[in-house]
Amino acid sequence: MAQSDRPTPGVLNLRQAIEERAPDSSKGSLLGCWLVSGSVSVARAIASTQKLDFIVIDAEHAPTDIRLVDDLIKAIRLSSLGRTAALVRLPSQAVEWIKWALDAGANGIIVPRIDSVQEAKQLVSNARYPPIGDRSFGPFSAPLAIPADAGSTTKGVLEYFIQEAPNVVVLPQIESRGGLEHVDEIIGLEGISGAFVGPVDLRLSLGLSPMPPALDKYEPMWSEAVSRVMDAARKHGKVVGTVTDGSQQMIADSSKLGFRFISTSTDLFAVAETVALTATQARAASV
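Here this note's numbering runs 86 ahead of the position in the sequence shown, where the first position is 1.
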């Protein structure tokens with residue numbers, strides 16, 4: 087994505103940026119990474135570069151607890167001065183995790199295995215304040231995640247309710263046959279910000295090999311599945327996100343298909359690749 091297409095260097099309003107990035111949008115994709123290490127220091131280091139639009143804290147497949155998630159949210163938002171959004175991929179649809187993540191100040195949540203319209207409606211109810219949903223009020227920690235120079239006047243929970251809560255992003259993961267079947271109804275719900283395709287689980291659900299091939303080698307079933315999600319997103323003017331293996335080819339393929347919210351790597355892969363590259367270059371220079 088060209089530097090001019092980034093929604094930063096100003097403070098990032100993630101909801102607004104996402105609303106501008108339906109599949110046919112000419113705006114550059116929002117780019118981020120997955121945080122699986124659980125390291126506050128790594129989160130601070132990545133966020134302080136202000137090069138990513140978002141970081142997703144993985145609480146589903148990376149062992150963690152809500153106190154650590156709270157620390158990670160604040161590390162990302164404060165170290166980036168509000169320029170990098172902090173999202174949490176929850177371990178489940180449980181209302182406790184939804185409340186904990188949002189009350190800690192997350193810019194958004196990604197929720198796994200939303201397979202039906204009823205589950206999506208319950209998600210909206212748990213994540214949105216009335217009148218859209220029925221979220222319980224208690225964001226006592228959330229104001230502490232807002233940088234002092236981020237252009238916000240938030241000082242307490244009532245200000246959070248007015249300024250921050252309406253901008254929370256809620257992305258259900260489409261990663262099963264059920265989610266795919268109902269994607270149009272799910273993504274069309276008020277309070278749902280878009281959809282996040284979990285490519286590996288969705289492909290396994292469809293009986294395909296785990297990793298998507300290059301775009302020109304897509305299986306008909308996979309092409310149809312991706313098209314179904316994109317058609318629903320276009321219809322409702324909402325964003326679709328996904329994860330990639332970090333290769334330029336997969337990122338380019340994803341962008342070409344209409345994905346506008348793309349995770350390019352994980353923190354652990356990025357650290358390993360950087361160390362390997364640095365070591366290789368150092369050995370070559372020392373000969």
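Hints were generated in silico from the structure; no laboratory data involved. Bear in mind the structure is a predicted one, so any value in this text is a computation, not a measurement. Where is the CB? At the ideal position from N, CA and C, for every residue including glycine. Keep in mind that a hint or two might mislead.
[To be verified] What follows is a set of in silico ranges between Cβ atoms, one per label pair, in the way DEER data are often shown: (1) S211 to I152: 17 to 23 angstroms; (2) G224 to N99: 21 to 27 angstroms; (3) P233 to P299: 40 to 46 angstroms; (4) E271 to A365: 36 to 42 angstroms; (5) E305 to F247: 42 to 48 angstroms; (6) P296 to A234: 40 to 46 angstroms; (7) A370 to E276: 53 to 59 angstroms; (8) I152 to S309: 20 to 26 angstroms; (9) Y215 to E267: 28 to 34 angstroms; (10) D270 to L363: 42 to 48 angstroms.
Cross-check of the supplied hints:
1. S211 to I152: 17 to 23 angstroms: For I152 against S211, whose Cβ atoms are near 21 angstroms apart, the range 17 to 23 angstroms holds.
2. G224 to N99: 21 to 27 angstroms: For N99 against G224, whose Cβ atoms are near 23 angstroms apart, the range 21 to 27 angstroms holds.
3. P233 to P299: 40 to 46 angstroms: Since the Cβ atoms of P233 and P299 sit about 42 angstroms apart, the hinted range of 40 to 46 angstroms holds.
4. E271 to A365: 36 to 42 angstroms: Cβ of E271 to Cβ of A365: about 51 angstroms, so the range 36 to 42 angstroms is violated.
5. E305 to F247: 42 to 48 angstroms: Because 47 angstroms falls inside the window, the suggested range holds.
6. P296 to A234: 40 to 46 angstroms: holds (44 angstroms)
7. A370 to E276: 53 to 59 angstroms: Holds: the Cβ-Cβ distance is about 56 angstroms, inside 53 to 59 angstroms.
8. I152 to S309: 20 to 26 angstroms: About 39 angstroms separates the Cβ atoms of I152 and S309, which means 20 to 26 angstroms is violated.
9. Y215 to E267: 28 to 34 angstroms: Since Y215 and E267 have Cβ atoms about 30 angstroms apart, the given range 28 to 34 angstroms holds.
10. D270 to L363: 42 to 48 angstroms: Check passed, 43 angstroms falls within 42 to 48 angstroms.
The earlier numbered hints that this structure contradicts are 4, 8.
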